[in-house]
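2 protein chains.
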Amino acid sequence: MRKVAVVGVGQTKFGERSDASIKEIAFEAFREAIEDARLTPKEIEASVVCTASHYDKQRSPAGVIAEYLGLNPQPTFTVEAVCASSGVGVRTAWALISSGLHDVVAVVGFQKMTELSASEVQEVMGRSGDVQWESPFGTTMPGYFAMYANAHMNKYGTTEENLAHVAVKNYHYGAKNPKAMFQKEITLEEALTSRPIASPLKRYDCCANSDGAACLILASDSVVRKITDMPIWIAGLGCGSSPMMLTSRSLPLTSFGCAVEAAKQAYKMAKIEPKDVDVAEVHDCFTITEIINYEDLGFAKHGEGGKLASEKQTYIGGKIPVNVDGGLLAKGHPIGATGTSQIRTIVQQLRGEAGQTQVAGAKIGLAHNLGGIGMYCAVTILTV
Amino acid sequence: MRKVAVVGVGQTKFGERSDASIKEIAFEAFREAIEDARLTPKEIEASVVCTASHYDKQRSPAGVIAEYLGLNPQPTFTVEAVCASSGVGVRTAWALISSGLHDVVAVVGFQKMTELSASEVQEVMGRSGDVQWESPFGTTMPGYFAMYANAHMNKYGTTEENLAHVAVKNYHYGAKNPKAMFQKEITLEEALTSRPIASPLKRYDCCANSDGAACLILASDSVVRKITDMPIWIAGLGCGSSPMMLTSRSLPLTSFGCAVEAAKQAYKMAKIEPKDVDVAEVHDCFTITEIINYEDLGFAKHGEGGKLASEKQTYIGGKIPVNVDGGLLAKGHPIGATGTSQIRTIVQQLRGEAGQTQVAGAKIGLAHNLGGIGMYCAVTILTV
Chain Z
1 MRKVAVVGVG QTKFGERSDA SIKEIAFEAF REAIEDARLT PKEIEASVVC
51 TASHYDKQRS PAGVIAEYLG LNPQPTFTVE AVCASSGVGV RTAWALISSG
101 LHDVVAVVGF QKMTELSASE VQEVMGRSGD VQWESPFGTT MPGYFAMYAN
151 AHMNKYGTTE ENLAHVAVKN YHYGAKNPKA MFQKEITLEE ALTSRPIASP
201 LKRYDCCANS DGAACLILAS DSVVRKITDM PIWIAGLGCG SSPMMLTSRS
251 LPLTSFGCAV EAAKQAYKMA KIEPKDVDVA EVHDCFTITE IINYEDLGFA
301 KHGEGGKLAS EKQTYIGGKI PVNVDGGLLA KGHPIGATGT SQIRTIVQQL
351 RGEAGQTQVA GAKIGLAHNL GGIGMYCAVT ILTV
Chain R
385 MRKVAVVGVG QTKFGERSDA SIKEIAFEAF REAIEDARLT PKEIEASVVC
435 TASHYDKQRS PAGVIAEYLG LNPQPTFTVE AVCASSGVGV RTAWALISSG
485 LHDVVAVVGF QKMTELSASE VQEVMGRSGD VQWESPFGTT MPGYFAMYAN
535 AHMNKYGTTE ENLAHVAVKN YHYGAKNPKA MFQKEITLEE ALTSRPIASP
585 LKRYDCCANS DGAACLILAS DSVVRKITDM PIWIAGLGCG SSPMMLTSRS
635 LPLTSFGCAV EAAKQAYKMA KIEPKDVDVA EVHDCFTITE IINYEDLGFA
685 KHGEGGKLAS EKQTYIGGKI PVNVDGGLLA KGHPIGATGT SQIRTIVQQL
735 RGEAGQTQVA GAKIGLAHNL GGIGMYCAVT ILTV
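Line by line, the protein sequences give chains Z and R.
Going by this note's numbering, the residue at position 69 of the first sequence is 69; the numbering climbs one at a time, nothing skipped.
Basically this note's numbering = 1-based index in the second sequence + 384.
If we strip away everything but chain Z, and leave its shape as in the complex, we get (with noise of 0.2 Å):
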């Protein structure tokens, strides 16, 4: 195996982004990442983008992508898994490196929802689940989470305020995060009364639909020197799945299989336990979702996950802090782009240039990346 690291980041601002296409966005994030690296779009040598279809009119995005980022005749094609296509893409540009097939690829994960109304957005997402069983029925993603809220609260006594927690946790960072959808603090109080969307999910307890891109630059060892004197490696790469449909998956509905996999995959690959983990980024569509998060991820013990945000262990300085860019929550899901964007701010707080959520002396990150209803998921550990 050649090892791979990360030489570029870039990312737009998330949020409504009605000023700028797909392509645009995308550029918008390429180039902040080949500025990064100091390099020049003739010395990427692939490109992988991610998206999640349907959002767009517009078909086979790494075609147009490609051609707006100056990247032909260079390969391309587009990696799809819903919510965690580039977390899953950039183990797939790891693969192309470490294989020895490229040294330089190009990871883009973008996407555009604001166009949509709520309630298409909705349609859409909905048939990310069995449309012969599921779907046709009226399941969204908030219904579906909910279903896991509710099997958690019954098993293991998580409580609304509990979730209320990882809320304001990750608004508080979300305000000081100049790249987040929403830049403002809310207390508890505010979490709590928010409007229902799917019981006992309110308001802050989902995330919003957005627009955003964010590009990683990967390099081979055999170049990375040339490239950067701070390279961040990646360590560990896990990937997982879990049936689609919730009737056949295990009861109760209170742990992700496929993340439990996937770490499993990328703690074994990198040689660590979860108690090394000095920042972590999490899946936190819901704040149901960030809470069986820390339990799935060895962060805290099946059921202890609502009791770890409620005594503000995942705020910087408390035992691992998560989420310290705002999260899917406050940062904003633009779904194709989340899980470059989670290991853009991972490699910044390995780089120490995350400013003032900077997690002194972090050595080593997590990103966690979960697809559509828990069905699939990438678990990246990058090191210095």
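Treat the hints with care, as some may be off.
What the hints assert, rightly or not - Derived pair list, reagent style EDC-like, types lysine to aspartate or glutamate, alpha-carbon separation capped at 16 Å:
no.: 1; chain 1: R; residue 1: K407; chain 2: Z; residue 2: E134
no.: 2; chain 1: R; residue 1: K441; chain 2: Z; residue 2: E134
no.: 3; chain 1: R; residue 1: K441; chain 2: Z; residue 2: E120
no.: 4; chain 1: R; residue 1: K407; chain 2: R; residue 2: E499
no.: 5; chain 1: Z; residue 1: K57; chain 2: R; residue 2: E507
no.: 6; chain 1: Z; residue 1: K57; chain 2: R; residue 2: E544
no.: 7; chain 1: Z; residue 1: K264; chain 2: R; residue 2: E429
no.: 8; chain 1: R; residue 1: K648; chain 2: Z; residue 2: E45
no.: 9; chain 1: R; residue 1: K441; chain 2: Z; residue 2: E123
no.: 10; chain 1: R; residue 1: K691; chain 2: R; residue 2: E544
no.: 11; chain 1: Z; residue 1: K23; chain 2: R; residue 2: E518
no.: 12; chain 1: Z; residue 1: K57; chain 2: R; residue 2: E429
no.: 13; chain 1: Z; residue 1: K319; chain 2: Z; residue 2: E304
Keep in mind the hints are simulated off the structure, nothing from the lab.
Please build the complex by placing chain R on the supplied structure of chain Z, with the hints as guidance.
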């Protein structure tokens, strides 16, 4: 680079498959492939699902298919490059194995197109062109490729009869393939007088909307001998891209830049020349495409592809037998399944299992899979 071999192949019949869902056709191809490799689903360490989007309501098909095939909790995701999805998917699976992440990976290509009307399919296909500057003005796939045909005729004197010879050959071989959509011979006269689609392309110059799936099982050199005595090795891989917009391409439109790039990479990696290839599958979505492919792959000089066809040098016994399974024209072109189906045909040829269409003594085979309006290409070279 660890060596990777194809150890199992499977394919559904191509054509109209209103009897089966996408999960069911994927399972049909997968079951045949794992039976061919004498493996069980538990031994498949990851799956790469290949398909073009927007033909189904079902989003994120890797999720439903991995579940239906019994492949949880192993990694799975979708690779998309429109018509080249599964050619590119094979390269991706190769990298997952060669890098050392996995030893045994399934590549499942599929598409169901016939539930849409012909005009709906044209609208969907058009959107794999640029939706900002091209598809809103009514461009369709036959229209795009007719421009290539007219340019080739204008520059090189290629004739409608040259094109018709390609159709006659591919229907000749399709008639011998029990899994082909069209199992009937046609005459040169029938091809030349078939109804106009987009001048100069007529009915028999065009492939048809089809349903189907094809699956390959790939394995690393470290496990291959435990699985089979007859591995077919992946000796060369290439992948290239061209600008999506025709207006951004080099004029005249007589060659696909992405294919020239992919072929160059694959020949170099396999350390062979075009003359070393014993049997080839090339992407004949239209007859003109096959003629241009001969030239882009180095089987004929530029401008002499039409002559190669008319002189019957691409029949068995000729200089280089091409599409002896009927090609896309007669076998059918269920978009996401085409790349894996082409490689299945080459594997059968190199194993000596191709029956009445066997190319005697074939040792080196090549598969050429083009995406969209020639904006992606994957070339795979296989050897005994």
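When you check the alpha-carbon spacing of K441 of chain R and E134 of chain Z, does it fall within 16 Å? Holds: K441 of chain R and E134 of chain Z sit about 13 Å apart, inside 16 Å.
Hinted pair, alpha-carbon criterion (16 Å max): K264 of chain Z, E429 of chain R. Please report holds or violated. Distance of about 15 Å is within 16 Å: holds.
Need the status of pair K319 of chain Z, E304 of chain Z: alpha-carbon distance at most 16 Å? holds, 13 Å
16 Å Cα cutoff - pair K407 of chain R, E499 of chain R: holds, 15 Å
Under the criterion that the straight-line Cα-Cα distance not exceed 16 Å, is the pair K57 of chain Z, E507 of chain R satisfied? holds, 10 Å
Satisfaction of hint between E429 of chain R and K57 of chain Z, Cα-Cα up to 16 Å: violated, 34 Å
Could you grab the alpha-carbon distance between K23 of chain Z and E518 of chain R and see if it respects the 16 Å cut-off? holds, 15 Å
Taking only the CA atoms, is the gap from K441 of chain R to E120 of chain Z under or equal to 16 Å? Holds, at about 14 Å.
Restraint status (C-alpha distance of K648 of chain R to E45 of chain Z at most 16 Å): Given pair K648 of chain R, E45 of chain Z holds - Cα atoms ~15 Å apart, limit 16 Å.
K57 of chain Z and E544 of chain R: Cα distance at most 16 Å? violated, 35 Å
Going straight from one Cα to the other, do K691 of chain R and E544 of chain R come out at no more than 16 Å? Given that 16 Å is the threshold and the Cα spacing comes to 12 Å, the pair holds.
Need the status of pair K407 of chain R, E134 of chain Z: alpha-carbon distance at most 16 Å? holds, 15 Å
The structure fails hints 6, 12 (numbered hints given earlier, in ascending order).
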